[in-house]
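Chains C and E supply the protein sequences, listed in that same order. Just so you know, we're using this note's numbering here: the first sequence kicks off at 1 and counts up by one. Just so you know, we're using this note's numbering here: the second sequence kicks off at 1 and counts up by one.
Please note that a few of the clues may not be correct.
[Unchecked claim] Just some of the chain C residues that point at chain E, by a computed CB distance under 7 Å:
1) Ile-31
2) Leu-35
3) Gln-93
4) Phe-97
5) Arg-170
6) Ala-192
[To be verified] Derived SDA-like pairs: lysine to any residue, alpha-carbon spacing no greater than 25 Å straight-line:
7) E/Lys-89 <-> C/Ala-73
8) E/Lys-89 <-> C/His-99
9) E/Lys-103 <-> E/Pro-200
Calculated directly from the structure, the hints in this document are not laboratory data. By construction, the Cβ of each residue, glycine as well, lies at the ideal position given by its N, Cα and C atoms.
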Amino acid sequence: MLDEIINEAQYPIYLLGLAIFLFATYRAFTIARVLVKGAYRNRALWTGGTAFALILFEYATTLPASNPLGISAFFLILLILFAFVDSSIRVAQETDFFHRSPLGWQRLRKPLYGIILGYTGIGALLILIIGSTVAAISLTGEVLWFIIAGVSLTYSAAALVVGARRTPERSLRRFVRMLGLTIICMVLFFTAWIPFIPFSQTVQDFGSLVSEVFIPLAAYFLYLAVMSLSPVGRVEEAPAQPSAQAGASVKP
Amino acid sequence: MVSTGVPTLDNLLGSDGYPDRSAVLVVGPPGIGKETLGYWFVRSGLIQGDYCLYVTHRPVNDILRDMRGSGIGTERVPEWIASSGSPTKCDLRDSTAISFNLKEAVHRNKGRRIRVATDVLSPLLVLNPLDSMYGYWSQLLSDLKQQDSVFFALAEDGMHPPNVLTTMEQLFDGVIEMRLYEEGLTITPLFRVKKMLGLPPIHGYFRFSVSNTGMEVTPHVR
Chain C
1 MLDEIINEAQ YPIYLLGLAI FLFATYRAFT IARVLVKGAY RNRALWTGGT AFALILFEYA
61 TTLPASNPLG ISAFFLILLI LFAFVDSSIR VAQETDFFHR SPLGWQRLRK PLYGIILGYT
121 GIGALLILII GSTVAAISLT GEVLWFIIAG VSLTYSAAAL VVGARRTPER SLRRFVRMLG
181 LTIICMVLFF TAWIPFIPFS QTVQDFGSLV SEVFIPLAAY FLYLAVMSLS PVGRVEEAPA
241 QPSAQAGASV KP
Chain E
1 MVSTGVPTLD NLLGSDGYPD RSAVLVVGPP GIGKETLGYW FVRSGLIQGD YCLYVTHRPV
61 NDILRDMRGS GIGTERVPEW IASSGSPTKC DLRDSTAISF NLKEAVHRNK GRRIRVATDV
121 LSPLLVLNPL DSMYGYWSQL LSDLKQQDSV FFALAEDGMH PPNVLTTMEQ LFDGVIEMRL
181 YEEGLTITPL FRVKKMLGLP PIHGYFRFSV SNTGMEVTPH VR
């Protein structure tokens, strides 16, 4: 009985996460469409792209290990997250009045891209050549994945934090905070089920449910990050039209 | 009157643009298109043979790249006071030098119509106390208005507490506010003219769009 309730509860949580990710994607692309300056537009596009990639990644994690799509998602998400953080660092640098490169990012971003692209390319090639995802995983190495992902993402995240601290733009600082909370929720999604392993199947299922809860939370924080890309006011109906040129009165 | 460089905006401001000997402040979040309005203002001046000065905390190449991205040709360029790529450097740590160089450039071109566009207002407000900046800008604008000049400044929304922007708005003759607004599921960039010297209040909001052929302004109707 309890097992059934736990299993049934996973679907609405999964769907809620999906819906919020989709809305965040839509919002980010809508904001990107109206921004004029390249760096800011790119950041909005990358945020939308990342939200969409996380939807696909969420789906890919439900696929069996033998499915090439499942393992490809792990390679791709690393590249996407890195590019996303990179675009945010460049905005942080742009908004810093002295245009300082945080933690030497301008110098190091290309070598880091090279390592990640090389690793992703090798992984993808192995899947294509060998035709076995298990062999590809063993050849490219899980440990190597964690090292490359850990080093590149940690370094880029540190550069982003330094860049955000240097910028006087409050929306970027809020964006970084929300992005940090999104990543923490994703990490909890990957790990929160682990402490439940030694217990009974029902408890393990409950652990999976606990993990799943972090997906809608991650999606919500990403949505908040999207909404801090640019301050957005709300238009209200005009009480009167004082001149022919007038449109609507707006309350920020 | 001095053309804004955007014909539809000129019409909105009484068909001629910004008032003579005035200072106009454009407030908005980063990336929305404030700079583009400044580029069109400068370009219009260059076409009409005005003396144009661009004071920026960014390198000249960045501004030129942005201008080309906004569809503005860079065969004619203003005189620069920039962080790099110009004979006169803009150092945000030295606000005195910025105002001195600016006034000197304007003084050298006495007798001509002058247009000055700048993005250093926000950085200086962040890096210096408000009371000293109030005196600084008040004096600078007063000096510039002695000449036949129009001063165009950009201020970043979201970088300053509301009281700082309100204080600055008092100093300027015209204030244009640009923002994104939410209407149901859509997000629209709008601006409003909060005040403009010599003009009756302009009510309502206006939609603007920037393309590589120019900037369009139309009344916003829900």
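Now for the hints, and whether the structure bears them out:
{"no.": "1", "hint": "Ile-31", "verdict": "6 Å, holds"}
{"no.": "2", "hint": "Leu-35", "verdict": "4 Å, holds"}
{"no.": "3", "hint": "Gln-93", "verdict": "11 Å, violated"}
{"no.": "4", "hint": "Phe-97", "verdict": "4 Å, holds"}
{"no.": "5", "hint": "Arg-170", "verdict": "5 Å, holds"}
{"no.": "6", "hint": "Ala-192", "verdict": "33 Å, violated"}
{"no.": "7", "hint": "E/Lys-89 <-> C/Ala-73", "verdict": "49 Å, violated"}
{"no.": "8", "hint": "E/Lys-89 <-> C/His-99", "verdict": "15 Å, holds"}
{"no.": "9", "hint": "E/Lys-103 <-> E/Pro-200", "verdict": "31 Å, violated"}
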